[in-house]
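Going down the list, the protein sequences come from chains A and B.
All you need for my numbering is the position in the first sequence, starting with 1, plus 18.
All you need for my numbering is the position in the second sequence, starting with 1, plus 18.
I should point out that these hints are in silico values taken from the structure, not numbers from a laboratory.
One or more hints might be untrue.
In this list, chains with the same sequence are indistinguishable; a pair is considered to hold if it fits within one copy or across any two.
[To be verified] Cross-link-like lysine to any residue pairs, in silico, SDA-like; alpha carbons within 20 Å at most:
(1) Lys86 to Thr58
(2) Lys76 to Asp163
(3) Lys76 to Asp204
(4) Lys86 to His146
(5) Lys76 to Ala224
(6) Lys76 to Gly219
(7) Lys86 to Glu62
Number of protein chains: 2
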Amino acid sequence: MKTEPTAAPPCTGPRRGRPRSEAAEQAIFAAVEEQMATGTSLSELTIEGIATAAGVGKATIYRRWPNKEALLVDMVSRLEEPLPSGTGSIRGDLVAMIEYMRLRGLAKRSRWVLKAALGQMQSWPELHAAYRERVIVPRREAARDVIRRGVAEGELRADLDEELLGDLLIGPILARSILWDDSDLDDPELAERMVDALLGGLAGPALRPVPA
Amino acid sequence: MKTEPTAAPPCTGPRRGRPRSEAAEQAIFAAVEEQMATGTSLSELTIEGIATAAGVGKATIYRRWPNKEALLVDMVSRLEEPLPSGTGSIRGDLVAMIEYMRLRGLAKRSRWVLKAALGQMQSWPELHAAYRERVIVPRREAARDVIRRGVAEGELRADLDEELLGDLLIGPILARSILWDDSDLDDPELAERMVDALLGGLAGPALRPVPA
Chain A
19 MKTEPTAAPP CTGPRRGRPR SEAAEQAIFA AVEEQMATGT SLSELTIEGI
69 ATAAGVGKAT IYRRWPNKEA LLVDMVSRLE EPLPSGTGSI RGDLVAMIEY
119 MRLRGLAKRS RWVLKAALGQ MQSWPELHAA YRERVIVPRR EAARDVIRRG
169 VAEGELRADL DEELLGDLLI GPILARSILW DDSDLDDPEL AERMVDALLG
219 GLAGPALRPV PA
Chain B
19 MKTEPTAAPP CTGPRRGRPR SEAAEQAIFA AVEEQMATGT SLSELTIEGI
69 ATAAGVGKAT IYRRWPNKEA LLVDMVSRLE EPLPSGTGSI RGDLVAMIEY
119 MRLRGLAKRS RWVLKAALGQ MQSWPELHAA YRERVIVPRR EAARDVIRRG
169 VAEGELRADL DEELLGDLLI GPILARSILW DDSDLDDPEL AERMVDALLG
219 GLAGPALRPV PA
């Protein structure tokens with residue numbers, strides 16, 4: 019996690035008096051987020067409105083993005099941190115992936131943008147396409163990669179197709195982080211509990227074979 | 019499935035010349051759906067625009083609903099058919115529930131309204147609340163009921179909390195029907211495959227205890 023510096027860095031000539039680029043971008047992103055969280059639809063967003071809310075000139079926005087579509091797509095693409103890399107075991111990789119999604123679900127901005135991207139799919143196909151390309155596809159690819167290795171190494175069942183395995187493993191955390199407003203993502207052991215329940219199966223004693 | 023009658027019913031005096039109520043409602047619902055599918059946001063929808071698109075007078079709409087919010091909420095509440103009732107076994111009840119959601123996911127209107135309700139959560143809390151109350155809560159309650167019986171009868175594990183069991187059982191079909199655009203809901207055996215995989219567990223031979 020990044021924290022804001024508590025004191026301004028020393029002024030060094032040329033940048034003096036100019037808004038720091040990073041600060042302006044953060045103010046712009048925050049303004050977009052704030053506007054949408056308070057009910058502005060994507061189609062109602064304007065560069066002028068964003069500039070006013072962010073306290074910057076329109077030129078500051080247009081220097082970075084040619085239009086609001088490009089701004090939103092850029093915002094979406096920056097939401098994602100790199101996916102976790104291999105932990106050395108399939109179970110560990112699955113837990114790491116679900117834990118990553120749990121933490122993304124806890125991050126408010128990410129949650130909001132996903133909902134907006136889903137809700138505006140038809141009316142704003144570019145945003146949906148950007149979300150798909152930068153967020154959904156890499157996650158699904160990463161999941162598929164772990165699943166393929168799991169099947170090859172005998173740690174996952176070989177009689178289910180990859181897509182079904184992916185939905186069974188990833189669907190529950192998606193439902194909990196996106197679809198339910200009130201559901202609990204705070205449990206730090208949630209990812210482990212999910213993976214172990216899925217691997218071991220949900221059947222109770224009445225459906226288990228009697229030990230010989 | 020209902021099919022449209024191929025011939026008009028015989029005119030019977032008093033109703034002659036008046037638009038049939040059912041036909042007007044269907045035209046109004048279709049107009050709303052069409053407008054939103056082609057990019058009109060919920061906040062941009064107007065009674066006037068809906069009336070024009072549906073080929074009815076504004077009064078025809080206002081006779082039924084006081085405002086567009088009430089119209090949309092009514093539309094949401096009619097999306098849902100009754101949930102399936104008990105099949106006699108826990109496995110059968112789980113399959114029936116997931117099959118119901120698969121069929122709802124295949125129904126375009128239902129899919130679109132869910133996305134809209136999710137995307138507009140912040141800006142239109144009434145619609146989201148209606149969706150929650152009429153669609154989400156009854157489904158979760160029905161799932162919880164099956165799960166409770168399953169745990170009590172020993173067909174589901176007793177060491178997992180109900181909410182986690184619910185997300186593990188329902189999350190995959192939700193992900194597949196709502197979150198992925200391109201995913202396959204056509205397989206008529208999907209619900210059975212999901213339930214049996216979840217009950218039996220996803221672990222492969224390398225993670226299974228060696229039979230004694």
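Going down the list of hints, with the structure as the test:
1. Lys86 to Thr58: Classified as both: same-chain Cα gap 14 Å, cross-chain 18 Å, threshold 20 Å.
2. Lys76 to Asp163: neither (44 Å within a copy, 55 Å between copies)
3. Lys76 to Asp204: neither (40 Å within a copy, 49 Å between copies)
4. Lys86 to His146: Within. Shortest intra-copy distance 14 Å satisfies the 20 Å Cα cut-off; inter-copy 27 Å does not.
5. Lys76 to Ala224: For Lys76 and Ala224, neither the intra-copy (67 Å) nor the inter-copy (60 Å) Cα distance is at most 20 Å.
6. Lys76 to Gly219: neither (56 Å within a copy, 56 Å between copies)
7. Lys86 to Glu62: Answer is both: 11 Å inside a copy and 19 Å across each meet the 20 Å cutoff.
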